[in-house]
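Note that the protein sequences, when read in sequence, are chains A and E. UniProt numbering applies: residue 1 is where the first sequence begins, and numbers increase by one. UniProt numbering applies: residue 1 is where the second sequence begins, and numbers increase by one.
Treat the hints with caution; some may be incorrect.
Where chains are identical, the list cannot tell them apart; a pair therefore holds if satisfied intra-copy or between any two copies.
Stated by the list, open to error - List time: in silico DSS-like cross-link candidates among lysine-lysine, alpha-carbon distance up to 27 Å:
{"id": "1", "residue 1": "Lys101", "residue 2": "Lys146"}
{"id": "2", "residue 1": "Lys123", "residue 2": "Lys146"}
{"id": "3", "residue 1": "Lys146", "residue 2": "Lys127"}
{"id": "4", "residue 1": "Lys115", "residue 2": "Lys125"}
Bear in mind the hints are in silico, worked out from the structure with no lab data behind them. All values reported here derive from a predicted model rather than from experimental measurement.
Listed below, chain by chain, are the residues.
2 protein chains.
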Amino acid sequence: MTLSVHSDEHFMKQALKEAHRALELDEVPVGAVIVGNKRIIARAHNLTERLNDVTAHAEMQAFTSAAEALGGKYLKDCTLYVTLEPCVMCAGASFWSHIGKIVYGAPDPKRGYSKFGGLLHPKTKVKGGVLEEECSELLKSFFATKR
Amino acid sequence: MTLSVHSDEHFMKQALKEAHRALELDEVPVGAVIVGNKRIIARAHNLTERLNDVTAHAEMQAFTSAAEALGGKYLKDCTLYVTLEPCVMCAGASFWSHIGKIVYGAPDPKRGYSKFGGLLHPKTKVKGGVLEEECSELLKSFFATKR
Numbered sequence: 001m002t003l004s005v006h007s008d009e010h011f012m013k014q015a016l017k018e019a020h021r022a023l024e025l026d027e028v029p030v031g032a033v034i035v036g037n038k039r040i041i042a043r044a045h046n047l048t049e050r051l052n053d054v055t056a057h058a059e060m061q062a063f064t065s066a067a068e069a070l071g072g073k074y075l076k077d078c079t080l081y082v083t084l085e086p087c088v089m090c091a092g093a094s095f096w097s098h099i100g101k102i103v104y105g106a107p108d109p110k111r112g113y114s115k116f117g118g119l120l121h122p123k124t125k126v127k128g129g130v131l132e133e134e135c136s137e138l139l140k141s142f143f144a145t146k147r
Numbered sequence: 001m002t003l004s005v006h007s008d009e010h011f012m013k014q015a016l017k018e019a020h021r022a023l024e025l026d027e028v029p030v031g032a033v034i035v036g037n038k039r040i041i042a043r044a045h046n047l048t049e050r051l052n053d054v055t056a057h058a059e060m061q062a063f064t065s066a067a068e069a070l071g072g073k074y075l076k077d078c079t080l081y082v083t084l085e086p087c088v089m090c091a092g093a094s095f096w097s098h099i100g101k102i103v104y105g106a107p108d109p110k111r112g113y114s115k116f117g118g119l120l121h122p123k124t125k126v127k128g129g130v131l132e133e134e135c136s137e138l139l140k141s142f143f144a145t146k147r
């Protein structure tokens, strides 16, 4: 498959690369990138174990990093690509960032934000299921090794 | 009023000190401390403007700092004291930290977590309204200067 360099799948592949970096560190393999003006302005992967910090989800680090790249804390013209549906914390952070769009891979029926209503900013668009199988398989194989 | 050094009011006074530090920096005046074993193990104040980072709420910094102090990311025997009811992001972070108790000052009907059901960890206890007036007045006077 050839991917357009501006397609959602292209950027999700980049988020998956980040997830693989988390995996190499034995972290729950979740990765994220933030895209502004068709360019990746932030990349991050889950580091909660390495940093001993529950707030170190891929998305949280990506928000911090994107704001630094832009020189402003609002991300209304940006898109977050993340391999797993964001949790409540990350959804809450996305609200404050006014992020324009969230694209995620695998759904998270247990800890994903979407089972609670109204957590996102009203202007934030959402698209789920991009490269879902690949994102999901990575997580499943990680947890399989932990049992 | 003489406060027991282990009372909720005593620790909320310490959180209020942190909120005043935020005010001095022209930040929305919210402060937090985390107490473990009757001792303050983390203090923080809102730094979202200074750090240009929506994730830099007082509570988020306090979670990170408390985990570092304890050498473990779970805070199940700790209490968070915060001058304002936590938002969705901070409630989500508190879930991951398994924090034992949250004590807050002023309610936040607009952006507080409590209007959404089920965001906290099932084992987290909550007490609101501690030094509510003082916590609330500080915020009101800050926003009055911004209008």
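We went through each hint and held it up to the structure:
1. Neither within a single protomer nor between protomers do Lys101 and Lys146 lie at most 27 Å apart by alpha-carbon distance, with minima of 33 Å and 30 Å respectively.
2. Taking the closest pair of Cα atoms, Lys123 and Lys146 come within 27 Å of each other only across two copies (25 Å); inside a single copy the shortest separation is 39 Å, beyond that limit.
3. For the homomeric pair Lys146 and Lys127, neither the shortest alpha-carbon distance inside one copy (30 Å) nor that between copies (37 Å) is at most 27 Å.
4. Proximity of Lys115 and Lys125 under a CA criterion of 27 Å is satisfied in both settings, with 16 Å inside one chain copy and 22 Å between copies.
When each numbered hint is compared with the structure, violations occur for hints 1, 3.
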